[in-house]
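Q: Residue numbers (my numbering), protein chains in the order written: chain A, 18 to 331; chain B, 61 to 394; chain C, 41 to 405.
Treat the hints as calculated values from the structure; they're not laboratory data.
Ideal placement from N, C-alpha and C gives every residue a C-beta, glycine not left out.
Any given hint might turn out to be false.
[Stated by the list, open to error] Below, a sample of chain C positions facing chain A; criterion: calculated Cβ distance under 7 Å:
#1 His129
#2 Pro139
#3 Ala142
#4 Gly144
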Amino acid sequence: MSTTTAKVASHPRQRHLSDRAIINLFVWPTLVLLILVNVFPLFYSLFLSFTNYSAIAGKAPVWIGFKNFANLLNDQQMWKYFATTGKYALVSVGLQTLFGFGLAMLLHEKFKGSGLITTLILIPMMISPVVVGLFWKLMYNPSFGYFNYLIGFPNPIRGPDMLASSFARQGVPGLALYSVVLVDVWMWTPFVMLLVLSGLKAIPDYLYEAAAIDRASSWFQFWRITVPQVAPLLLIAILFRTIEAFKSFDLVMGMTGGGPGDQTELIAVNLYRQAFLGQWQTGRSSALAYIILIIIIAVSNLYILYLNRMRGEA
Amino acid sequence: MANFEQTGPGKPVLEATRVDKVTPGYRLGHNLRALIVVLLAIVGLIPVFVIVITAFKTRPDAIHVPPKLIFTPSLEGLVFLFTERASASPSRLEELKKAAEEVQLGLVDRIALNAGQEITGPSDYVFRLRNSLIIAGISTLLSVVLAIFSAYAFSRYGVKGKGDLLFFILSTRMLPAVVVTVPLFLMYTQLKLHDTHLGMILLYTVFNLSLAVWLMKGFFDEIPREYEEAALVDGYTRMQAFFKIVLPQAVTGIAATTVFCLIFAWNEYAFALMLTSEKARTAPPSIATMLGIGGIEWTAIAAGSLGFLIPVVIVTFALRNYLLRGVTFGAVRK
Amino acid sequence: MATIELQKVEKKFAELHAVKPMDLTIQDGEFVVLLGPSGCGKTTTLRMISGLETVTGGKILLNQRDVTWLHPSQRDIAFVFQFYALYPHISARDNISFPLRAQGESKEEIEKQVKEVSALLRIEHLLNQRPGNLSGGDQQRVALARALVRRPAAFLMDEPLGALDAEFRESMRAEIKRLHIDQHATTVYVTHDQIEAMALGDRIVVMSEAVVQQIGTAAEVYYNPANLFVARFIGSPGMNLVTGHYVDGVVTIPGTQNRFSLPVGWRKPVDETLKESKEIILGFRPEAAQLNNAGKLSGEVYASELQGAFAVLHVNVNSDDIVHIRTDRVINYPIDTVVHFDLNPEMVRFFDPQSEAAIQPEVGA
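Build the full structure now, drawing on both the sequences and the hints.
A: Below, the structure is given as structure tokens:
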């Protein structure tokens, strides 16, 4: 896109900055800051991933080649954590999409107070994730938490212990993970809803009017008018949420810290553990961080490709 | 529906609406859908409700089995949040009780007394809150200001490699915090930035920059160039045109961007946890670990969370329309 | 084909009266144009006929059948939108055949109809394209085809040429006219362009601010406007309207020497209408004035516009009124020159300033 830069009227007496100077002045501070705080650590981190460095050991980093990567990729536990995170991302984003879309459709038709309700629904999204985690922990408590109480199990012995993966003292494997998924969905469905709603608002009325005159079925209207217009935004919402799911740390730390056992040990949590707890395996955790990064980039690219294809068709 | 087709609706329709949307069947469905949404919203807000009432319960009420819906409100949570306490020995308790009979004890002391504790001084919470305010506030200011300038340049000029630069800026947002944390921790420790305000401000500024630049560019793109060009013809310099003409028009965009950046910086936990310990620690990590005497102080946590939440809610509510605009930028337009 | 009848149809939005109660009867096969500026209520009226807008009062009859509260799809009408309203992501063919498929017609029948209709609109070569890949003009043709294929009782068109480039507009206008003659279809057409209205309409319904100003043929609204609004709105430029002082059969333009005697057949109606009042408005179209050195009226040239085959002079007849005079000679009239002209007595009109209504001459004038 060509931009017309108008010639500035020269006032010899007035000192003014040339366009070139302005570009430099405006853009460079941002770039420099970004590079310093983002790019440099990235490269340093890459370097460290090839070493056995430990931040508390006090020894200089020693090059060990791909050993970290090999160890990580051969570690069954690691694969387990990746699987857990994958499951988490899939279910959570899936439910967010479903509920978010549904809510947006319901809120699209105006009714008295729909504006207020829309704003209220946004509140979960605005609370600090770790606080959300903490409070759901309180609510999930089988003795004095509201969750059991509201779903009809006031007696702690006979009811589920959501975060301990048990029901009536019997183990229910995986329950804890889905309990966390529930909270994640609770928190972020409003985000998807917001994006879908703005997409819905952009659909011109006359398309639906033509459909009314043609007596098109609701099914047709949904798939042929609504979905195509909303799809790009929905995909962006899904993209963001998927990336966030892979990075998910705050929520889990507040709620379970990875437990019980390692049922909710998401990959980001494990990364924290390796890097900052126990042995402070800085090199190894850097390698893990890079593996995660590559996965995220791959997934993002897939989405963006699909998104572009969709835009190309439109 | 034969009846409706012959007679129409009961009362005159005063809105713009299609005939098929006025049939009784449709109205019923419409009202039902509205009801469902309201119910969902109520259910969805129960956890928020829980936080609110827990903030005003006494400690025993908070962990009462089964959970109490009706209770006598108390400011205990707030008191515990803002003070440090120690268990009072029985003799000390006696002393205090005697003193209470002679002198009217303040509310705060009374509460502590009831819980069998005595106040030993203010807690760290205020300090942490102050840190949050400083760090979130300054970093938001910086990122928005920097973004305004760079976004303007990207919007108006053919900067070399603009597309690539912009993508680079966006990609920094894609990075998981975890990837950057480890080396940042090392870098900060080396540079003595660990646990400093400056370090956190720098970090949050950078993290918000990418979003801020994209948002502001979108907003600037919307402002027609003709205004500045007319000013230039009139003899203004580029800088003058920028300050006098463009910025006032971009105010709503600046507001939206500020809200997003503020929310992120305010609520941020992971970096705060890993890169601070004592001096620069913000509120989120400390709310999470509010250990009192005898376990987790739920009332204090609730009070702290509530207090922490309210500014965000207020600001977001005030600017809700701008948020909708901000969220869709770059998504719908190319 | 069908007759359409509007009986006391009105539309209110809370406080705003979008369409005041109106009556209109449209004959079978007629092409009626709803004409007026934005916000006059013409589109709302059209939408009420189609069912896309509910009525606040009154009845709508299609072929004597009360359709006021029928679902839009049950009224046997087709609607052509300004922005085409084609279903995106589906081929043109599927767009056109859609109404038939919704009715459950057989495949062969659908094929046949689609072929016929696309031949008529000359879009056979575009049938496999998606609307997004077509030009505005082609999209509108597809939209017209979709409307045609239903063989509806009536066609309703809402400024269908509004979104097209100027060059397309003229050719599409001719196509719509041709289609109408060909199909002999009852059509209700909304536009704000009075040239379009006069070119297309058998009758024109002129509307302003929710009220019908006049219903008549193009000739009627042009030569015999019912009130000041119609006089101004129709014609390009609109009719000249000069306020004058009336005494005893003579109109004087205040501040000047210009005097104009009422032509034959006007004296009585004017006296009866104005009664005691001394104010009258004289109206004449630019082509009703003839530049003439011996002319009885005069003014100063304010500006002149060359419009190709003829020129329009803007002439100051007094400090308040500038009239447009058409001359078919390209003579350079410098500004402030004094020119003289006559008015063709058969083409003048008079209006009552109080009611803004036209005064009707005695029959035969």
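Q: Could you tell me which of the hints above the structure violates, numbers in ascending order?
A: 4
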